[in-house]
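A.B. asks: The chain contents come next:
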Amino acid sequence: MAEQKHTDKRLRHKFSQFFWRAWAIQTSWNYESQMNMGFMYGMAPTIDEIYGENPDTPEKLQKKKDAYHRHMAFFNCTPQLTSFVLGLSSAMEEEYAANPDTFDPESINSVKTSLMGPLSGIGDSFFQGTIKIIAFGLGINMAQQGNLFGPILAMIISIIPSAIVTYWGGKWGYLQGKKNIQKLISNGTINRIMSLMNVIGLMVIGAMIATMIGITTPIKFGKSFVLQTTLDSIFPQMLPLAFTFGMFYLIKKKVNTAWIMVICIVGGILLSVLGIFN
Amino acid sequence: MFWKALIVGLIGVFAMFDSRLLGRENFEQPLIVSTLVGLALGDPAKGLMVGATLQLVSMGIVAVGAATPPDMVLGSVVASAFAILSNTSAQAALTVALPVAVLGQMIGIVVRMLFSSFNQLANKAIDAGKFKKARSYHIVYGPIIYALLYFVPIFLAIFLGTNAVSSFVKLIPAWLTNGLTLASKILPAYGFALLMSTMIDKKNAVYLFLGFFIAAYGKMSVISVAIFAVILVVILNKFMSGNDNNNTQPSSSDSLDDLEEL
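Chains as they are written, first to last, in our numbering: chain A, 1 to 278; chain B, 1001 to 1262.
Any given hint might turn out to be false.
Facing chain A, according to a computed beta carbon distance under 10 angstroms, are these residues of chain B, among others [as the list claims (entries may be wrong)]: (1) 1002; (2) 1003; (3) 1005; (4) 1026; (5) 1092; (6) 1123; (7) 1216; (8) 1222.
Each computed DSSO-like pair below joins lysine-lysine, with the alpha-carbon atoms no more than 27 angstroms apart [as the list claims (entries may be wrong)]: (9) A:63 x B:1132; (10) A:60 x A:179; (11) B:1004 x A:65.
If you are wondering where the hints come from, they were derived from the structure by calculation, not from laboratory data.
All C-beta atoms in this analysis are idealised placements derived from N, C-alpha and C, irrespective of residue type, glycine included.
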């Protein structure tokens, strides 16, 4: 009974760590690997628990370093849904520590990678799209009538779904991971889930390219020829797609992130000054 | 004025921490920020009005991928303080908010570049076994740098007077603002390309185009495409397990084979 109570308390502490560390994932957001340091920070309590605050053997220390490095990999996801990924990854790290011979640690990062696309696509449009529009649509309406309850209502509508999703996401990810991960990996279901997840992720990214970039061209010759109209008649949103694949090409060519940033900013200013795109 | 500048600066830091430490709960939205500034400066009604006006403008701005949108936190803090302290209209505040927001966007771009270099430092700390130090790049230095970079400009703007701010903002030429706006559209293209590169291969690239053309031709939102995608996946999944049942071979290897064909 006392044992049970201790475990419950430990779990609750774990879930609240997933919660707060998922919310705090953006403090070191960077162009190179985005939320990677935040994810490492989120995984730190689990890794420290497994290998000890100060590992007593060199092997343990090496494994702890490997685990920290593993979670420094590129990561980007809606914070609210990140707690789910943190929970699942923690369960997998514990699984790996328990069965180092049969469990491939690389699978942890491939699960993370396959999850972040679909989750951030859905999460961003849910929290930054749907929820925000409902909350502030109502809020603005009341504020324009001078009602101070407007912003308060907007915050209530914003926080409640966010807190629920973050807490239950972390809890569910960890418990499901504990229960099912070994089974899922051994019978190949995880591969199937991963490729199906990729289908959703890619479709969502495709839709984001079409709706969230919005690069157009102001080029025209005379009065009759407007280049943008011609492009639209071939297919709409051609330029955003072209830019994305241009960037994709640079990434595949392993161009340094800093250079890509310079290209984006200097290129953006030049192309705008020359009147080619806007 | 010192105390007013201090309080408004702290409100700015809190609003900025919303997206950094609190998972973007929307405290950073102009309606909330301006109301808080209004309460702090003793004119909540004005704060509400400015907030509602700025909120309508910023509703379209969605933070996604690598995008650094015009920074409405800095914009709405300075603009609503400007409107209340100099007793101007909400519309006049808007003309201050947008250029300041672009200024904030530039700060944002510089910080995000700076943090890229923290990656190497954190990795080095891990190699040296200094795990606490590695974590501190995220949870100590990150917030401190952000807090300073937001507090100082806001404090100075309010303390030195909003005239100084608007004349400084007027110095920013239009070509630079336009150019940075285009750059801020190209940066999300890079973000999407990064996301893509982790999942795409020759077999599943077709789904990217499916999502793109549904949204481009159908003018549909991301969430509606996501719903179609989930439905498609349910169908694909049925199709795949249907194949398993028809075959006499062990199902586990089959489901893997089907996946190869995806």
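A.B. asks: With reference to the structure, classify each hint as holding or not holding.
C.D. replies: For each hint, the structure was consulted:
1. 1002: Since chain A brings no Cβ nearer than about 27 angstroms to residue 1002 of chain B, farther than 10 angstroms, the hint is violated.
2. 1003: violated, 23 angstroms
3. 1005: It is violated, given that the least Cβ distance between residue 1005 of chain B and chain A is near 23 angstroms, above 10 angstroms.
4. 1026: With Cβ-Cβ at 4 angstroms, under 10 angstroms, it holds.
5. 1092: violated, 17 angstroms
6. 1123: Constraint on residue 1123 of chain B satisfied, holds at 6 angstroms.
7. 1216: Nearest chain A Cβ about 4 angstroms off; hint holds.
8. 1222: holds, 4 angstroms
9. A:63 x B:1132: Satisfied, since the Cα-Cα distance of roughly 16 angstroms is no more than 27 angstroms.
10. A:60 x A:179: holds, 25 angstroms
11. B:1004 x A:65: With Cα atoms ~47 angstroms apart, residue 1004 of chain B and residue 65 of chain A exceed 27 angstroms; violated.
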